[in-house]
Amino acid sequence: MRKKWRSGLGLSAAAVLAFTVACSNGNNNNGGSNASGSASPANSSTASQPAAASYKDSLKIAVTAQPPTLDSATTASALALDIAGNIFETLFTLNGNYEPTPVLAESYEKSEDGLTYTIKLRQGVKFHNGKELTSDDVVASMNRWLATSSRAKTLLEEANFSASDATTVVLKLAKPNPDVLVLLSAQAAFPAIFPKEVIEAAPAEGITDYIGTGPYKLAEWKQDQYIHLVRNDDYASPEGEPSGFAGKKEAATPNIYYYFVPDNATRVAGVKSGEYDVADSIPTENFEELSADSNVALSSYPGGTLTAFLNSSEGAFKNEKLRQAAVAALNDEDILLASFANPDLYKLDPGFMNPDQTQWASTAGSEYYNQNDQEKAKQLLKDAGYNGEKIVLLTTPDYSEMYAATLVIQEELKQVGFNVEVLSSDFATFLKTKDEHSKWNLMVTSNGYQLIPPQLLAVTQSWVGLDDAQVKASVATISSEADPAAAKAEWDKLQGYLYEQAYSAVIGHYNEVVATSKKVEGFSQFVGPVLWNAKVAK
Amino acid sequence: MLAYLAKRLLSLVPVLLVITIATFMLIHIMPGGPAAAILGLEATQSDTDALNEAMGFDRPIAEQYINWIGGLFRGDLGDSLFLHQPVGQAISEHLGPTFSLAVVAEVIALLLAIPLGILAAYKRDSALDQLVRSLSLVGMAVPGFLLALFLMLFVGVRLHWLPIAGYAPLADGVWAHYRYLILPGISLGTIQAALIMRMTRSSMLEVLHLNFIKTVRSKGLRESKVLLKHALRNAFIPILTVIGQTFGTLVTGAVIIETIFNIPGIGQLVINSIERRDYTVIQGVVLTVTLLYVLINLIVDLLYGAVDPRVRLDRK
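Order-wise, the sequence lines are chains A and F.
Under UniProt numbering, the residue at position 289 of the first sequence is numbered 289, and the numbers go up by one with no gaps.
Under UniProt numbering, the residue at position 46 of the second sequence is numbered 46, and the numbers go up by one with no gaps.
Looking at chain A on its own, in the form it has when it is part of the complex (with noise of 0.2 Å):
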């Protein structure tokens, strides 16, 4: 899920300020540069004083919300998570090529059934509360992901992590799963290494003591207003080149905030005038006002897919022509332009997948995807005896995205003969929706990637209620194939399938965007913002 954007006030508000600063850049280009020239000899006189000295003591990063937790395991928050990879650390993570690399762990052994593996814990790691890690922490905690994440619970069913020594935990499968690595590295609810003592005294709702082993401790978090993490003077760092988020973390800034900052027009103002050293989710329609800026950095990374799901456990998309006829008609680039605003941002491409992973990437159900194919949606709409039954569209302003694109769908639709309507609430309203499958037909969400096909929304029947015996089969398949060209002709194959069925259709493929002060050193994205290398010029 892309981060929120408030878009009633949050638009508007945004839209009033590109429009002013287009007014006033005519005006004031003069002043604009000479600002930065006379601010430029001021920059590399402190860049020729020694190294400790020209760097600011604190970073600022403006975010979009306050996160509802820090722990890890019960949340799928993007934000939460981001910030809470600064505070704690996980056995495995992943590096820049989404490969599994040991963090907490140094090594480990898998046995010839694929069924035991036995992980060694990197030694002389030490907690926020000084007690040094041992395997008893490494179990309590991997024990309570597996009961608690929902992730976890479906795809590591009946698994069990418990201590050979106080250095040797030991995860034993009741099936194998080549993809066991990839589960305990994944950034989406990950599984966080605590002190046992913090995990068997946490409420129900979950852990709020939050002591980890990582780069950062938590210092304060102000309620609505910032969560402030201080270095840990007593890190162990992996050792390696920083890649993805495995390698080298330095806590190169002693003190990071996490400013959260709803407004869209605000983050923006505030990267600009220096007020935030980063911003975060950077509506797209500020994209080149920014890109303009010379005191700004854009940097845009992957963020996820836009996809249209189509509910076939009740109402007229039970009818697979009818489904079909939907996906026929939908001009994806017309969509994406209207929910992105810069062609930079967005890609056209039919993958669920990352299409930068090379492990997953599949073009499979290519003929089914940016079809716009008005005759054919028509023929289709005929053959299905379709009577002018309401198509109900599901969305939520909250999110501008999936909200324009609904609109466009919508419109695409009528023109093949659709009667259709938008059913349009709050966030937490659409949330309830959902769930009610009577109510609405089709809907269109935005969803970071994820790292297998079995994770995929696409393919989990909890999500949009699909039943369907061959997609159930096929992910069977995958997560128990051990072998990755065969289980890479699986996902080719379901991939295809979910096209033809019309059960789901990615739209496209978005971009996160960033900015950062020129500033900035050492700031790098993989899934989210890295700032653990991250220092700030003076």
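Fair warning: there could be bad hints in the mix.
In silico contact screen, one side only, chain F against chain A (beta carbon under 10 Å); selected entries [said to hold, decoys possible]:
#1 Met30
#2 Gly32
#3 Pro34
#4 Thr44
#5 Asp47
#6 His94
#7 Leu95
It is worth saying that the hints were derived from the structure and are not from the lab.
For clarity, every value in this text was computed on a predicted model and none was experimentally measured.
Glycine is no exception: its CB is placed at the ideal position from the N, C-alpha and C atoms.
With chain A fixed as given, assemble chain F onto it according to the hints.
Just chain F, lined up with the frame of chain A:
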């Protein structure tokens, strides 16, 4: 006087009771729940149900209400579902910024409105009067968020004079505190100023025609004294009413400006809580805001007596 005060405070009880029942019902009619908001889009139905049960939302509404109101009588507003802190603490933390902002905005409004309003009345139909009246129309017509964005852009981004957003408590120092409140204060204050200015002008005009003004003028009193000591004091009751109302609005309704300038006040708290379906906080805030509004009205009523001794509140 005390009897009057007691009567007014006692009459609050039924008002607040009705408000709590109404909010409680409205909140529970609203679709969606806190569990879904905490767990996010990709949570399964069973996860959501389990969390709802853990938080006690599977119980009948009447039972939930009685539990809550019972806590209220013990001075306990409950715990926030999302913020992991008691509601009373959450409200008091958010009330500080809102109150500071309201005071700054009101001071800016009064500094603008009262002198301009008096001058406009004094120089009735002059060019100055026309200008002041047009300005007040513009002030009322321009939406606060537009002014806020212009101020943010020019004073914050271009000139770098003031921070574009954020908040620091008074404990961090007077300037650190107020520098964050000036831009939002101006954005809020100008709209209120327009209202107060119009009221000051028309109220002054009425009084300036009266015979006692002629009398004090014929005594040879200085014009400034005539205006400020005699006319303004007699014209002040309707102005005070507007000031009370505007202050009430500022304390309870600065949602948009608080969002734009990222001030962690009551307005932000209420909007965030509605989005997060943080039931206990919504109930607590509505109750507090109602109480504040009623109290501000009460204070204004009491001030009438102080401004104009002819007003006696405790008489039937």
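These are the hints, each one checked on the structure:
A hinted interface residue such as methionine 30(F) counts as satisfied when its beta carbon comes closer than 10 Å to some beta carbon of chain A; here the least separation is about 7 Å, so the hint holds. Here the hint on glycine 32(F) is kept, as its CB sits about 3 Å from the closest CB of chain A, short of 10 Å. A hinted interface residue such as proline 34(F) counts as satisfied when its beta carbon comes closer than 10 Å to some beta carbon of chain A; here the least separation is about 9 Å, so the hint holds. Look at threonine 44(F): its Cβ gets to within about 4 Å of chain A, closer than 10 Å, so that hint holds up.
With 10 Å as the threshold, the beta carbon of aspartate 47(F) comes within range of chain A, its nearest partner Cβ sitting at about 6 Å, so the hint holds. Hint status for histidine 94(F): holds, given a least beta-carbon distance of 7 Å to chain A, under 10 Å. Given hint, leucine 95(F) at the interface with chain A, is violated; its Cβ is 13 Å from that chain's nearest Cβ, farther than 10 Å.
When the structure is compared with the earlier hints, a violation turns up for hint 7 alone.
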